[in-house]
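My request is simple: use the sequences and hints to build the entire structure.
The listed protein sequences correspond, in order, to chains P and R.
At position 21 of the first sequence (counting the first as 1) the number is 21 in my numbering, and the numbers step up by one without a gap.
At position 180 of the second sequence (counting the first as 1) the number is 293 in my numbering, and the numbers step up by one without a gap.
If you are wondering where the hints come from, they were derived from the structure by calculation, not from laboratory data.
Since we're looking at a predicted model, the values are computed, not measured.
For every residue, glycine included, the Cβ atom is placed at its ideal position computed from N, Cα and C.
Any given hint might turn out to be false.
What the hints assert, rightly or not - With a straight-line Cα cutoff of 27 Å, these simulated BS3-like cross-link-like pairs (lysine-lysine) come out:
#1 R:Lys-312 / R:Lys-229
#2 R:Lys-126 / R:Lys-229
#3 R:Lys-383 / P:Lys-13
#4 R:Lys-316 / R:Lys-229
#5 R:Lys-334 / R:Lys-383
#6 R:Lys-554 / R:Lys-316
#7 R:Lys-121 / R:Lys-229
#8 P:Lys-13 / R:Lys-354
#9 P:Lys-13 / R:Lys-121
As the list claims (entries may be wrong) - Derived list of chain R stretches under chain P, where covered just means 3 residues or more per stretch with a C-beta under 8 Å from a C-beta of chain P:
#10 144-150
#11 247-253
To be verified - Sample of chain R residues lacking proximity to chain P, with all beta carbon distances greater than 10 Å (derived):
#12 Met-161
#13 Pro-236
#14 Glu-293
#15 Glu-330
#16 Ala-335
#17 Gly-368
#18 Gly-406
#19 Thr-418
#20 Asn-459
#21 Leu-560
#22 Ser-591
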Amino acid sequence: MTFVIAEPCVDIKDRACVEVCPVDCIYEGERTLYIHPDECVDCSACEPVCPVEAIFAEDDTPAEYAHYIAVNADFFTEVTALGTPGGAANVGRISADHPVVASLPNRPAAASH
Amino acid sequence: MAQSEGMKKWQEKGYPARLEERLDDGVVRCHLSPRNCRIRPGQHGFCMVRANRDGRLVSLNYGRSVHATEETIETEAVFHFEPGARILSMGNIGCMLNCDYCHNWKTSQARFVEDKDVYYYTPEEVVDIAVRHGIRVLSWTYNDPVVWHEFVVETARLAQQQGITNLYKSAFFISSEAIEELIPVIDIFSISIKSMDPKYYRKITKGWIEPVLEGTEQVYKAGKHVEVSTLMVTDMTDDEKTAIAMANFVGERLGPEVPTHFVRFHPDYKMTDTIRTPVERLEHARKVALGMGLQNVYLGNVYDTESTNTWCHNCGELLVTRYGLNANVMGVSQAGRCTNCDTNVNMRRIQDIAPPPRTLTLPSDEARDVATFDWYGDVRALHVQVQNQSSAPRTVFHRRNRSGQSDGGWAPIVLQPGESYRFIAAKSTPDEVGVAVAVPKDCTSSLHQVFDRAHFPTQEVDAGTLNADITPLPLYVSPVQGGK
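Written out as structure tokens, the structure reads:
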């Protein structure tokens, strides 16, 4: 199991989850954040701190966001060649997004920071 | 801690950990806290002090600690076990929670721990310190003892063999199977229940409430001495609803005799844009809980109140008076009963415990420098750290300074060659103005201000950002949000 960041994060990227993640496994793309499924330790810290309730345990991901399980995983293998870097801090912001995210209409500016 | 940040010296050596489940591909699951972190080789869990090294679960903080510190049992929100007893407090590194207001974040959040603040102990050394200084209670405390499980269990067993009582002060986010390993060696559980609201637990502490309540019940049913406390965070948990829910929990799932502490909060860590808990809200919470039938309800981190005293719930006799972290037993028998009406007041005693000797004048055997510190604002306690730099035993003395009257005299502390010793001096009467420490020329000393109890100060007097008003605390700056 892992945790998954779904659509509510897109164009928000509050990063409260990044601050509490003990293993630094939450990576920043252009429009959303991604959890590395192989680096996540299942500790549950990130899910309650998300201000827009974008984070779900893989097994509890709502049907409407089920495809985000693959969005998070594929970001590291199909979309980019990041693989398993072992920590987001050294990678920094990545100028890419999964096509599912990239194709979403932009949210109004007022919704983002 | 990001794996890319590089390893600190204290993290280098892993000690075989208990409660390990081995999964496929060298992955391990840790069953110490209810998180059950699934940890791949080279990774660590939420606590940052339990890791997978070569496919095995290891403890990275075994014997790695903040300085052992002599305090009083009241420091740990324990009011019904030998009031005034001296304890040896052992804190460590890491935590299974990450509370937004943590009062110990410099040690509980392992990413902020610096090698210079880490001390190394063996179980034998810890017990030896307690025995040599005549301390009868070992307290597993500060950041949280849960994440130090192996060292706690092994040292507590050794201490027990020397007749020492073990006290466990914890937020108790721990698995049932780990509790079973504690029950044979721990005598006192002082459990901090952060709130009675499941949503608050998730969001503010990053844990969840159910295992905390179940664990508290588990140790109570095992016959352990249990006291519970709640940090009443301003405008969050300092309301009547929290008091009612706590009283319900204690009264229904534990027993009405279980001492319950409502503790005053100070702004800290990520929660600095607020104020200390108004004392009248704490007093109201106490009245509510007493009105619901609890027998012993106290305020914590509040000095000038009678709500820290103990009265007999049957006849109303004053049994124990307390000021700050100090206690005077007035009417409790050695059997833990009210001396007026012989009611059992749930007060456990340690037999043959003697107060340290005091002398009215300093002995003239050797020259000593006398350092003084005056209480100010909300700083009414101090950690004094002294080290014997010589090759022979040395004696340090300390006493309290009062305005216009004689005090209890100088208390000696004998230091072995090279020994470093740390102890608390807390304001013990309203008219006490400060503390004095007499240190031999070949010993060194440093003073560390204590801001509220069960807090391990890392700020030395005259160092860091000292706000002369109320907050001698390190300032947290978010590494992610840049101080947002």
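To see whether the hints hold, each was checked on the structure:
| no. | hint | result |
| --- | --- | --- |
| 1 | R:Lys-312 / R:Lys-229 | 37 Å, violated |
| 2 | R:Lys-126 / R:Lys-229 | 17 Å, holds |
| 3 | R:Lys-383 / P:Lys-13 | 19 Å, holds |
| 4 | R:Lys-316 / R:Lys-229 | 32 Å, violated |
| 5 | R:Lys-334 / R:Lys-383 | 36 Å, violated |
| 6 | R:Lys-554 / R:Lys-316 | 52 Å, violated |
| 7 | R:Lys-121 / R:Lys-229 | 10 Å, holds |
| 8 | P:Lys-13 / R:Lys-354 | 34 Å, violated |
| 9 | P:Lys-13 / R:Lys-121 | 31 Å, violated |
| 10 | 144-150 | holds (count 3) |
| 11 | 247-253 | violated (count 0) |
| 12 | Met-161 | 5 Å, violated |
| 13 | Pro-236 | 28 Å, holds |
| 14 | Glu-293 | 23 Å, holds |
| 15 | Glu-330 | 23 Å, holds |
| 16 | Ala-335 | 28 Å, holds |
| 17 | Gly-368 | 32 Å, holds |
| 18 | Gly-406 | 33 Å, holds |
| 19 | Thr-418 | 35 Å, holds |
| 20 | Asn-459 | 36 Å, holds |
| 21 | Leu-560 | 33 Å, holds |
| 22 | Ser-591 | 6 Å, violated |
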